[in-house]
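A.B. asks: Chain by chain, the residues:
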Amino acid sequence: MAETRTMTPRERVLKMFSGAEVDRPPCFSGMGNVTTAGLKNFGYKFAALHSNARMMADAAAATYKLTGFECGVVPFDLCVEAEALGCEINVYAHLEDILYPTIRKKIIHNEAGMETVSIPADFAGRGRIPLVKEAIRLLKAGIGGEVAIGSYVLGPFTLAGQIMELNDLLKLSFKKPEKVGRLLEMLAEAISLYIRELEDAGADYITVREMGATSDVLSPRVFKNLILPHLKKIFSRTRAHTVLHICGKTNDIAVSMTESGAGAISVDQKNDVAETRKKIGSALLFGNYDPYNVLVAGTEEAVRQAVRKCMDDGVDAVWPGCDIWPTVPVENIKAMMDEVINYRR
Amino acid sequence: MVTEEKRQELLNRLKNSVIQYDEDGAKEASNEVVALGMDANDAIFNGLVSGMEEVGRLFEAQEYFVPELLMSADALYAGLDILKPHVKQLDLGVKGSVVIGTVEGDVHDIGKNIVKMMFDVAGFTVYDLGRDVPLDKFVEEQLRTDSDLVCLSAMMTTTMVGMKKVISDLKAKNPNVRIMIGGAPVSSDIAGKWGADGYAKDANNALKDAINMVSSLKKMKEEAEAKKRG
Ligand code: B12
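Going down the list, the protein sequences come from chains A and B.
This note's numbering numbers the first residue of the first sequence as 1 and each following residue consecutively.
This note's numbering numbers the first residue of the second sequence as 346 and each following residue consecutively.
Since the hints were made in silico from the structure, they are not lab data.
Incorrect hints may appear among the rest.
Below, in silico cross-link-like pairs of lysine-lysine (PhoX-like), each with a Cα-Cα straight-line distance of 20 Å or less [to be verified]:
1) Lys175/A with Lys372/B
2) Lys546/B with Lys249/A
3) Lys546/B with Lys270/A
4) Lys279/A with Lys249/A
Owing to the predicted nature of the structure, the values given are computational and were not obtained by experimental measurement.
With the hints as extra help, turn the sequences into a complete structure.
C.D. replies: Here it is, written out as structure tokens:
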């Protein structure tokens, strides 16, 4: 059933972030949601999107246009900050398959390197930062009147894992926490600089993705002592609406996540949202359907069921556990939208 | 000869060094084992490895996380380096070699590294290709090293598909090679469908299955040899 519009998706999302009443939870994401169905209309290759602002914006807008999914989000990979800091990336241009860009060459090669690395003077003009800004402007000009425009950055720990060997970072978090702390401090500053650029380009909300700190990998204690202080700084310096996303096991860190000062927290399908809701009170909570096994591989009925579960468990926005996988059937996103709109009506 | 009391003391020290990720402690105890002429096999399996088993338990109980696991592994390797030259025959009944890596397009290697460590501990010869490994490289490396086993890891549903190609290429070139796959999106169903010989959901099971596979492979080869001769 179509919705009798009381507010645009954009108004709904912005109102929710500001803590005002909304008629229903928005159905959107702060992470990548490009679809191969959207790319087909343009004849774009996935690998080409990452280095062309026009294509990036077209691809991001296509999801909303095809399905009504209530946002536009760029970029699609996790390498922008690392590249601007000096890393080399691989976009797999030679392959037809959908492979996400990765870091080919890191910039820190040993413990000593952690102390010599610094933010380049022209950081905001380096790598693809100008390109992502341009994509946000284009996206804003295209669909920004109807939906909120989002972008994301990495959290300092996850970014550290992109620019140095993750195994070393994990061990040093124990053995030399002060040294890791200094690196995170520097990276938190770089992240804030990048966020300022995204805000200037017109991003309405920014998701900070700190998946490297999931409790599948790192203990809640280390998260709280070593990482949380730097997340707090980032959120206190941000003017746009903010979300802190961590995937994997997060039940034991959900309270710390809300203490970060983020406007909302986002968790994936491994989180018991009903329990989290009890622990964090009325703080904004987004989640937590499985973006692959349900949205891509599931039936329409499975999708509807997952949506109802999210809403029953008490999310403020129906939102995926990670990037939506590009091969998602358009019909499944439409079914999800329909369920969000009509459940409890 | 060491007394039973001294032996127990050293085994405990080895074990605890691994559990408390104390590299220096593991080195000291290992050096003492060597100096006293104690059996190195005993020290490895009833000391270091038994410590690692406890670490695995703590990891499952979520008392330990990945950093603790990696540091314990370092302590274990530190002891192993000292003890290995003094081992008469280090194996768990099989001597196997394995090629391992995370498939192309995928940089998730935390899980793969844990699986690799289990193989190291068990005395396998391990050829670690790292992460984001071009698919052909697995085939090349298997042929180059004539390894018994190839282990593929993938953490994403898209990169996982690459395994299918590696499996069929490997089996075409070398029908005897054993292939095991793993990583969060992988299942035993998928392993079966794509023609892999095994799947394991975690590192402990990976090792158990690997040992079984390599043993049966060796047996098969021996029988074939015997037939030829006889
Ligand atoms: C850490 C992490 C990252 C780190 C990886 C760092 C590194 N060096 O590994 C970074 C930040 C770089 C990253 C990047 C991305 N990630 Co990521 N990441 C994770 C995360 C949070 C943890 C994975 C992990 O290490 N778990 C802990 C280890 C110990 O467990 P494990 O890997 O499962 O290993 C065990 C078993 O599986 C098994 N095993 C593993 N390998 C093998 C092999 C064999 C042979 C056997 C027998 C057994 C076996 O034994 C292991 C030990 O018991 C997961 C979410 C989650 N919680 O699982 C997402 C996740 C894997 N990532 C995901 C995504 C989407 C991405 C990105 C595409 C995001 C983007 N937009 O770019 C990129 C991919 C980049 C690329 N091309 O590779 C998705 C994948 C979705 C899907 N179904 O395909 C996940 C599942 C998140 C989610 N909730 O959806 N990620």
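A.B. asks: Each of the hints needs a verdict: does it hold here or not?
C.D. replies: Tested hints:
1. Lys175/A with Lys372/B: Holds, at roughly 18 Å.
2. Lys546/B with Lys249/A: holds (17 Å)
3. Lys546/B with Lys270/A: Given pair Lys546/B, Lys270/A holds - Cα atoms ~17 Å apart, limit 20 Å.
4. Lys279/A with Lys249/A: holds (15 Å)
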